[in-house]
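Asks: Chain order of the listed sequences is A and B. Residues in the first sequence are numbered consecutively from 1, following the working numbering. Residues in the second sequence are numbered consecutively from 1001, following the working numbering.
Source of the hints: derived by calculation from the structure; they are not laboratory data. On a predicted model such as this, the values are computed, not experimentally measured, just so you know. Using N, Cα and C, we set each Cβ at its ideal position, and we do this for glycine too. It is possible that part of the hints are untrue.
Output of the computed footprint for chain A on chain B, the stretches with three or more beta carbons under 8 Å from beta carbons of chain A [to be verified]:
| # | stretch |
| --- | --- |
| 1 | 1033-1044 |
| 2 | 1066-1075 |
| 3 | 1089-1101 |
| 4 | 1136-1142 |
| 5 | 1304-1312 |
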Amino acid sequence: MKMAARTKARHESLGLSLEDVVQMYRVMLQTRMIGERMMQLNRMGKAMFVGVADGHEAAEVGSAWCIRKGVDWCVPYYRDVGVALVLGQTAKDQFLGVFAKATDPNSGGRQIVNQFSDVKAKMLSGSVHIATQFPHAVGLALAAKIRKQDHIVVTYGGEGATSPGDFHEAMNFAAVHELPVVFVIENNQYAISTPVKLQMAVANVADRAAAYGMPGVIADGTDVLDVYEKTKQACDRARGGDGPTLVEVKCYRYRPHSSDDDDSRYRSKDELQAWLQKDPIDKAAAYLLQQAVAASRLEDMRQEIAADIEAAITAAENDPDPDPATLTRYVYGEDAE
Amino acid sequence: MQLKEAPSATREMFYAEALGDALRQELRRDERVVIFGEDIAAHGGAFQVTAGLLKEFGKDRVKNTPISENGIVGMAVGAALTGLRPVVELMYVDFMGLAMDQIVNQAAQNRFMFGGQARVPMVLRTQGGSGRGNAAQHSKSLEAWVAHVAGLKVVMPSTPADAKGLLAAAIRDDNPVIFIEHKLLYRTKGEVPTGEHVVPLGVADVKREGSDLTIVTWSREVLFSLDAAAKLADEGIAAEVIDVRTLVPLDRETILRSVRKTHRLLVVHEAVKRAGYGAEIASLVAEEAFDDLDAPPKRLAGLETPIPYAQHLEKSVVPQVDDIVHAAKGLVG
Ligand SMILES: Cc1ncc(C[n+]2csc(CCOP(=O)(O)OP(=O)(O)O)c2C)c(N)n1
Ligand SMILES: [Mg+2]
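Please work from the sequences and hints to get the whole structure.
Replies: Have a look at this one:
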């Protein structure tokens, strides 16, 4: 009896191995678990301020997986813990930022948390002021074109970041000059308390792209493979010299905006519940199990991550605080060693 | 000195609450007053100043905006030109950078450029200052930027009562007013008149009397200066503490009168010292009261660095109570 030709699994048709998907899942889970501990540290009074990525894991990991490490530039925003981890930051790096230690790789304790900046990894972030990162990303892409370098730029923001002028000016410039940049917009339905319908009159962030003459696509932010697929196509366009793309990733933030926020003021438990049913991490786990990855492997992974995070927190707490004598270093001149 | 229209009842309020009280008072009093900004409606604002206003006044008068600092300020200018009295909120003073053309080239100058045909009676409420771990892009003190621009008024209250009274006056003023609150004052308490309360712009307040030196200051450094004055008193030094309350217009007379009495001037502010507003006050005194001085005017202000995140570094870049005590002693000794 002849076997029916086996239909390719989704990941295979995207050019990913099952092990790739396992590793994507690992970073998603790590992102979630780091967030949980950050929130706890904040409540214990050990972390001044934190913002976590819960609900954004597929959006961040699926898209960042398309970035060639050390080749492409990445300009993330403050929610992108998952992006930073994909690009090589560790759990300890995150807690060094939380505790503002001298060894914090982003800034040496100078900048607020979640401003992922590692120039060696070609990642930098100036996104505390919403949308200011987009013109930087376009500038990095422009430089690639002028200097004939082969990097592309992947930049990130929330849907709230598509209101300010910086976003529109950046989109316009990138499209006019066909620059190799991909705008990934994590649409989690709110800018702090402001729902999407009070932010824009269009139905989708992706619809904005047409106004600038670039493609706008929508990815399902609860499905890491869909995010990967859509972002990959956009990156391929950029690499092929076909210019920029706007990728809207629809997702939901499970936690308050930051440790300073109380989300009960502006959104309902029912709405949250509905999105929790589509948890990107559960979905990815279900996919792996369906692909015959052993449940015990996923469970072991969770324990390894938990142990790594505990070790990271302890190690980070024990690292030195920035030396006051170095305070004004880097205001002008002196480069980081 | 506070001008009280009639002795009115007071209640202890937080600074944030007192600001909300002023907004409520003015929204009730004048239907032309409207407020807009990011997260100010259902959410009540990042510091809860506008909590409850949506419910009482509805969404036409209390409007949530998309993230669009430049647009928000520009819209306020347009609305003000029609006779509305917009009060807009920028969550952090650092965001003025995003709206600077509308502030400096539009709001400040339209009345002048239209030959007086139209005015811009708007208030830009925002908050600045360090001490809350908000780091370099959310902690600056930028009053000098706006104090420099002809056509703008600049207000920086230090107490809950002043916050209420000055905000009311700012809303009633026919010029654009930049009203800068301090993030670490929102949770400070004080007695505030519960009835109508208006503190005129351009009148400084002598918050403590003394004869040995004059400390001129504003915003959170007023609290630090008062603490410093108490410590100095223990050592036999009587410091007079003047809270200018409004940088523009500046109550020059109160400052000069005090310096003519104490013969010594210390200006204290959180903003970076270089080209800070303290230089304006020091040179005012040098120009107008040089012969009354027993020592050169002195400025104590922020270090020339962005505000760092690490808490111990953050504290070290702006004047603390002991720094003021030290500077005062140096001046008197
Ligand atoms: C220019 C500017 N305006 C306002 C803020 C205050 N703020 C911080 S985060 C935020 C909401 C951003 O929402 P969105 O872009 O959708 O990202 P999300 O936090 O939802 O991931 C706002 C208004 C800011 N940081 N910068
Ligand atoms: Mg959002």
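Asks: All hints are to be evaluated individually against the structure, with a verdict given for each.
Replies: Checked hints:
1. For the stretch 1033-1044 of chain B, the assignment as covered by chain A holds, since 6 residues bring a beta-carbon within under 8 Å of that chain's beta-carbons and 3 suffice.
2. Only residues whose beta carbon comes within less than 8 Å of a beta carbon in chain A count, and the stretch 1066-1075 of chain B has 6; three or more means the coverage holds.
3. By the rule of at least three residues with a Cβ nearer than 8 Å to a Cβ of chain A, the coverage given for the stretch 1089-1101 of chain B holds, with 4 such residues.
4. Residue count for the stretch 1136-1142 of chain B with a Cβ under 8 Å from a Cβ of chain A: 3. That meets the three needed, and the coverage hint holds.
5. For the stretch 1304-1312 of chain B, the assignment as covered by chain A holds, since 8 residues bring a beta-carbon within under 8 Å of that chain's beta-carbons and 3 suffice.
Of the numbered hints stated above, none is contradicted by the structure.
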